[in-house]
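Chemist: In the order they appear, the protein sequences are chains A and B. When we follow our numbering, the leftmost residue of the first sequence carries the number 6, and every step to the right adds one. When we follow our numbering, the leftmost residue of the second sequence carries the number 4, and every step to the right adds one.
To be clear, the hints were calculated from the coordinates, so they are not data collected in a lab. Mixed in with the good hints there might be a few duds.
Simulated restraints, written as ranges between beta carbons of each label pair [claimed, not checked]:
#1 A:G73 x B:S199: 34 to 42 angstroms
#2 B:R180 x A:L277: 43 to 51 angstroms
#3 A:P158 x B:E221: 35 to 43 angstroms
#4 A:F309 x B:K196: 48 to 56 angstroms
#5 A:V295 x B:G116: 30 to 38 angstroms
Owing to the predicted nature of the structure, the values given are computational and were not obtained by experimental measurement. Every residue, glycine too, gets a C-beta built ideally from N, C-alpha and C.
What follows is the residue order along each chain.
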Amino acid sequence: MANNTRSIKATSLLGGLVRSFNGDVLTEWQKSLTGFLSGNRSFYITLGIGFLIVYAAAIAGFDAMRIGYRHAYGITREIPWGILISTYIFFVVTSTGLCIVSSIGHVFGVKAFMPIAQRAVFLSIVTIFAGFTVIFFDIENPFRMALYNVISPNLTSNIWWMGTLYGAYMLFMAVEFGFILLKRHRLAMYAGLAGLISGISAHSNLGAIFGMLHSREYWFGPYMPIYFIASAMMSGCATIIFFTWLGYRVNNERVDRPMERAMEVVAKLSALMIAVLLFFTTWKILTGLVGAPGKVEAIKAMLFGPYAINFWVFEVALGMVIPFIILLRSGFRNLNAAFLASAMMIVGIFFMRYDLVLLGQVVPAYHELGVREFPSILRYMPSFHEIAITVGGMGIVGAAFLLGEKVFQGHKSDIH
Amino acid sequence: MGFRIDLNGLKREPVETVPDEERREFLKMGLALTGVFAGGTVLSFVSRFGDVFASPERYAEEYPYKPHYSMVIRQDRCIDCERCVEACRETNHVAEYGYRTTILERFVPDAIGQKREFIPVLCNQCNNPPCVRACPTKATYKDRKTGIILMREYKCIGCKTCVEACPYDARYFNEERHAIDKCVFCYDTRLTKGESLTACAAACPAGVRVFGDLSDPESEVFQMVHQIQKPVWVLRPEAGTKPNVFYTKG
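Given the sequences, and given the hints that come with them, work out the whole structure.
Modeler: Written out as structure tokens, the structure is:
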């Protein structure tokens with residue numbers, strides 16, 4: 006009996022899916038094509054520049070592969086993780102954040118968040134793809150990874166969980182986006198929920214990669230996985246404001262009332278997340294200053310040392326304090342002010358990731374021995390190849406965003 | 004019913020005349036009393052002895068490697084001639100841009116007398132290896148027989164998480180091998196080919212590196228570690244890695 010009902014349900018589900026691929030979908034595709042062809046001159050020029058950047062970055066990436074990362078990148082034995090890892094984190098944090106912010110409306114049914122959902126889901130796929138592309142050029146044997154992640158998994162390894170869960174996450178988000186396009190909103194909601202769960206698990210595992218390295222005092226502890234989730238939300242809010250504003254520009258449209266409302270609540274959430282992150286950062290510093298010597302050294306490098314400008318100017322001022330003031334003063338209603346604040350936050354967040362990755366490595370393993378080989382904190386400078394690949398990742402997001410705006414006609418899904 | 008010891012009836016017996024066997028028994032009793040046997044976390048009064056290991060029995064039970072390869076470094080004997088580094092390079096085809104073992108130099112200008120000392124470092128072949136936990140594909144693993152941290156190079160994806168995880172800076176990515184390279188106590192190049200010493204230990208003219216089987220009470224390493232007259236310590240004990248490379252002086 007129960008089996009019967011289940012099979013009937015399955016059949017109707019399948020039937021529904023098949024029905025979704027009917028003439029409507031075909032006209033949708035036609036609309037997408039005409040949508041893409043509807044851009045003006047400056048749209049195609051910008052898109053072309055985006056593709057050129059990606060192309061140039063790909064050349065740089067494969068060139069780095071050819072000559073060897075040791076020669077092409079600024080990484081060393083002591084600092085093996087550089088800007089490519091931090092950029093990867095920047096992108097996947099953004100992706101997870103977009104997924105979380107989109108889920109507030111799309112999965113949990115908060116009406117005010119609905120208008121941003123489709124664009125957010127689309128951008129979360131784009132940003133995770135950009136992240137994977139960047140890390141592809143950091144991992145020395147990416148093809149082995151595809152094989153041995155499957156046939157030789159180490160279940161105690163956070164990086165294994167992170168990779169596997171992010172793989173699943175990307176799939177779920179793509180399925181969700183597909184269902185949104187097919188207007189199968191219930192199924193899209195389930196896929197979104199699966200994406201949210203795998204995304205959050207993946208993301209906290211990414212934090213745990215750092216948090217569970219017990220020889221790295223700056224990273225070690227439960228702070229990292231928690232901080233990663235909190236900062237993902239901030240990142241997601243900033244990114245969706247930034248790209249929604251731009252999206253309306255690209256499509257040359259006026260923001261309608263529901264979208265205005267959505268931007269207002271996201272701006273409020275942004276301000277809240279900035280406050281949360283300011284709180285996190287303050288306590289990270291204060292606890293770090295009384296901790297193990299390795300941690301104290303890293304915190305000092307951040308506050309007064311070679312990372313001070315990154316920290317005070319970019320992370321604190323540009324990433325948190327100024328946007329917070331802008332948002333508060335605008336009463337969350339001024340879209341242009343929110344856009345400016347979000348752009349600043351995105352720049353600040355990029356530096357947050359960079360500093361987080363580097364500061365965990367600048368204190369040498371043997372610094373407490375007081376040996377001549379490691380007299381002070383270690384230095385790292387990103388190389389030309391690394392910067393090119395980083396910019397390429399941004400090119401991917403930019404180009405895909407522009408393409409998405411036209412192909413999906415401003416992401417106006419009628420989710421209710 | 005307890006028993007009493009007639010203290011006055013005991014004859015005077017300097018430490019030097021006590022046979023090794025008896026001394027060890029006495030030490031065991033003392034360590035049991037101070038709690039060192041309880042799990043290896045209580046500090047002994049002379050060294051980081053307690054951080055390093057529990058009782059020989061408990062230790063063997065928990066880390067049942069046979070032979071349990073280990074190295075004791077007599078730090079004050081090192082003169083930085085680097086023959087160990089060269090021997091390692093030659094034996095294990097170490098890349099010129101990397102090393103499996105190196106010698107660190109500590110210079111203390113304010114010290115009275117000797118102002119410089121050398122500290123040889125290598126993979127500590129930890130009993131609780133952070134690199135093994137972190138590796139996503141089991142490319143690095145602890146050999147069940149010998150306790151040596153080995154590499155399955157063909158599985159290494161080059162993510163370098165093990166490099167980050169290692170508290171001893173013992174790993175680097177080797178381009179030619181397309182994998183992480185590290186000290187394996189010359190497992191593939193010497194130990195499995197009938198040699199009993201690592202290349203570095205064999206090459207050292209000053210007897211700095213004592214290599215042997217920690218599970219064999221007759222071995223030199225066992226005897227050097229299981230005593231409390233001379234300090235024995237490990238590097239970065241706070242990382243909780245339970246290393247198999249020990250340091251001593253004097």
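Chemist: Are the hints correct? Go through all of them and say.
Modeler: Hints, verified against the model:
| no. | hint | result |
| --- | --- | --- |
| 1 | A:G73 x B:S199: 34 to 42 angstroms | holds (37 angstroms) |
| 2 | B:R180 x A:L277: 43 to 51 angstroms | holds (50 angstroms) |
| 3 | A:P158 x B:E221: 35 to 43 angstroms | holds (41 angstroms) |
| 4 | A:F309 x B:K196: 48 to 56 angstroms | holds (54 angstroms) |
| 5 | A:V295 x B:G116: 30 to 38 angstroms | holds (35 angstroms) |
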